[in-house]
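Chain order of the listed sequences is A and G.
Going by my numbering, the letters in the first sequence line up with residues 1 to 245, in that order.
Going by my numbering, the letters in the second sequence line up with residues 1 to 263, in that order.
No wet-lab data here; the hints were simulated from the structure.
In this text, a Cβ means the ideal position worked out from N, Cα and C, and glycines have one as well.
Do not take every clue at face value.
What the hints assert, rightly or not - Lysine-lysine pairs mimicking DSSO-like chemistry, simulated, CA-CA at most 30 Å apart:
id: 1; chain 1: G; residue 1: Lys138; chain 2: A; residue 2: Lys183
id: 2; chain 1: A; residue 1: Lys21; chain 2: A; residue 2: Lys81
id: 3; chain 1: G; residue 1: Lys138; chain 2: A; residue 2: Lys81
id: 4; chain 1: A; residue 1: Lys183; chain 2: A; residue 2: Lys29
id: 5; chain 1: A; residue 1: Lys8; chain 2: A; residue 2: Lys81
id: 6; chain 1: A; residue 1: Lys113; chain 2: G; residue 2: Lys234
id: 7; chain 1: G; residue 1: Lys138; chain 2: A; residue 2: Lys8
id: 8; chain 1: A; residue 1: Lys180; chain 2: A; residue 2: Lys81
id: 9; chain 1: A; residue 1: Lys81; chain 2: A; residue 2: Lys113
id: 10; chain 1: A; residue 1: Lys81; chain 2: G; residue 2: Lys65
What the hints assert, rightly or not - Every beta carbon over 12 Å from chain A, so not counted as near; a handful from chain G, in silico:
id: 11; residue: Ile52
id: 12; residue: Arg84
id: 13; residue: Ile119
id: 14; residue: Glu127
id: 15; residue: Ala170
id: 16; residue: Phe207
id: 17; residue: Phe211
id: 18; residue: Phe219
id: 19; residue: Arg230
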Amino acid sequence: MEKIIEIKHLQKSFGQNEVLKDINFSVNKGEVLCIIGSSGSGKSTLLRCLNLLEIPTSGDILYHGQNILEQNMSTAVYRAKMGMVFQQFNLFNNLTVLDNCVVGQVKVLNRNKETARKTAMEYLDLVGMSQFINAKPHQISGGQKQRVAIARALSMEPEALLFDEPTSALDPEMVGEVLKVMKNLARSGLTMLVVTHEMGFAHDVANRVVFMDGGVILEDDVPDVIFNNPKNERTRIFLKRILEV
Amino acid sequence: MSASANSSFIEWVIFIAHDYWPLFLRGAETTLIIALTGTIIGFGIGVLIGVIRTIPIDHTTNLIKRIVFKIVNFILLCYIEIFRGTPMMVQAMVIFYGVALLYQIHLSTYFAGIFIVSINTGAYMAEIVRGGILSIDKGQFEAAHAIGMTHAQTMACIVLPQAIRNILPATSNEFVINIKDTSVLSVIGVTELFFNSKSLAGTFYAFFQVFSITCIIYFIMTFTVTRILRYFEKRLDGPSVYTIHGSQTVPEAEIKIVGREKQ
Chain A
1 MEKIIEIKHL QKSFGQNEVL KDINFSVNKG EVLCIIGSSG SGKSTLLRCL
51 NLLEIPTSGD ILYHGQNILE QNMSTAVYRA KMGMVFQQFN LFNNLTVLDN
101 CVVGQVKVLN RNKETARKTA MEYLDLVGMS QFINAKPHQI SGGQKQRVAI
151 ARALSMEPEA LLFDEPTSAL DPEMVGEVLK VMKNLARSGL TMLVVTHEMG
201 FAHDVANRVV FMDGGVILED DVPDVIFNNP KNERTRIFLK RILEV
Chain G
1 MSASANSSFI EWVIFIAHDY WPLFLRGAET TLIIALTGTI IGFGIGVLIG
51 VIRTIPIDHT TNLIKRIVFK IVNFILLCYI EIFRGTPMMV QAMVIFYGVA
101 LLYQIHLSTY FAGIFIVSIN TGAYMAEIVR GGILSIDKGQ FEAAHAIGMT
151 HAQTMACIVL PQAIRNILPA TSNEFVINIK DTSVLSVIGV TELFFNSKSL
201 AGTFYAFFQV FSITCIIYFI MTFTVTRILR YFEKRLDGPS VYTIHGSQTV
251 PEAEIKIVGR EKQ
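Bound conformation, chain A alone (with noise of 0.2 Å):
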């Protein structure tokens, strides 16, 4: 299977305190890898570094074989390359729902106008927004902007897209149609990497399950072990705690 992104020793501190310790894994092409484990435990730190909001300390990303972090690899075009979805949505708020899509296809893809708005237009019809291209991100629930946010990331037509707790900041009630979105995508063969707590998203639409703990990656298998049968003591405590609720 095709490597998209492969990681070695990746090591992140801030100051004295190390967040990512040795991290070690690789993405395959068309694949759903779902990031879990308790707060602080580096899932966001570790999705960070992948579109390099964080310079990881040491170690390298590689991206098709090439290494990211050398001075010659142009960081734009990797990141235009590594959709992101963020938690608290951050949608451009001085732009319409249509333009939040536009924007960066036409500053950084350099398309022109007409076609960004249609390529942006097609997106915003997968998660359902279409109707709502005029709304300023104030107007609109925060479901909404999410899956705003979602056709914003698609709209680069990225090779991976990465989620950072995207249901997180979300009325229950609202989890649903975000959740619903994804799952859509994830059929559709897109490569996607979720950091979440939703654990019936990871269980039912990942194809792979990583669970960390301070840091590291304790366990790195299908759903089914990790939800049936974890091999890691640490694994079945945090599955427990978080599924007796």
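For chain A, the structure is supplied; the task is to place chain G on it using the hints.
Below, chain G alone, put in the same frame as chain A:
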């Protein structure tokens, strides 16, 4: 018309206003033009400096860049501190007579006035703009960076439009202050409203009468400007309604968002 020592206050005011209105008008015009030009140029200076001073610099930036940034930042800081820390009246004296003495450049008082108000406003605006940029949520920068936009693109398309909207009230404030503070330019002989009023009051020895008129004119100018700028602020917020795009049942429906409007 005429007035004498026996005339009442009202008679005096009517006489002065009737006979000398062109003087007030020209003064008010000069005041407005200097204040407006100065505010606009000062705003430009402020945005430029605000943007430069918020360029992200950390240990990953290369050394030469960091040194250049440090030096530029220091110079800008000196400019801001000096012009915020001294009265504009003194700056006017120093600059107007300074360039004449040191460089034999004799500025027109009009140009000198605009120059002084501009750089003075620039110093204040620089900090206002910096504050405006810092007030924008970090998530906006991250989202823009995450889709591959450069720092400059992020600033131009995402951050500055929001920051400038947020600092508009502070900018209107600067404009109003400038309308009033151009009066200090009378010390270098700029024929603005205060200067003209003073000449007129001296001629008739009618200070109270003349300056009552001046007072009203200043107030009308500042009040009108405040209202106009408030109107533009509202306009910039965009419509509080949006149209549903091509809904199947209702091709064009308007949705009014009640209670979510920003004040």
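Going down the list of hints, with the structure as the test:
no., hint, result
1, G:Lys138 with A:Lys183, "holds (29 Å)"
2, A:Lys21 with A:Lys81, "holds (26 Å)"
3, G:Lys138 with A:Lys81, "holds (22 Å)"
4, A:Lys183 with A:Lys29, "holds (17 Å)"
5, A:Lys8 with A:Lys81, "holds (20 Å)"
6, A:Lys113 with G:Lys234, "holds (28 Å)"
7, G:Lys138 with A:Lys8, "holds (29 Å)"
8, A:Lys180 with A:Lys81, "holds (23 Å)"
9, A:Lys81 with A:Lys113, "holds (20 Å)"
10, A:Lys81 with G:Lys65, "holds (28 Å)"
11, Ile52, "holds (21 Å)"
12, Arg84, "holds (29 Å)"
13, Ile119, "holds (29 Å)"
14, Glu127, "holds (22 Å)"
15, Ala170, "holds (18 Å)"
16, Phe207, "holds (50 Å)"
17, Phe211, "holds (45 Å)"
18, Phe219, "holds (35 Å)"
19, Arg230, "holds (20 Å)"
Every hint from the earlier list agrees with this structure, and none is contradicted.
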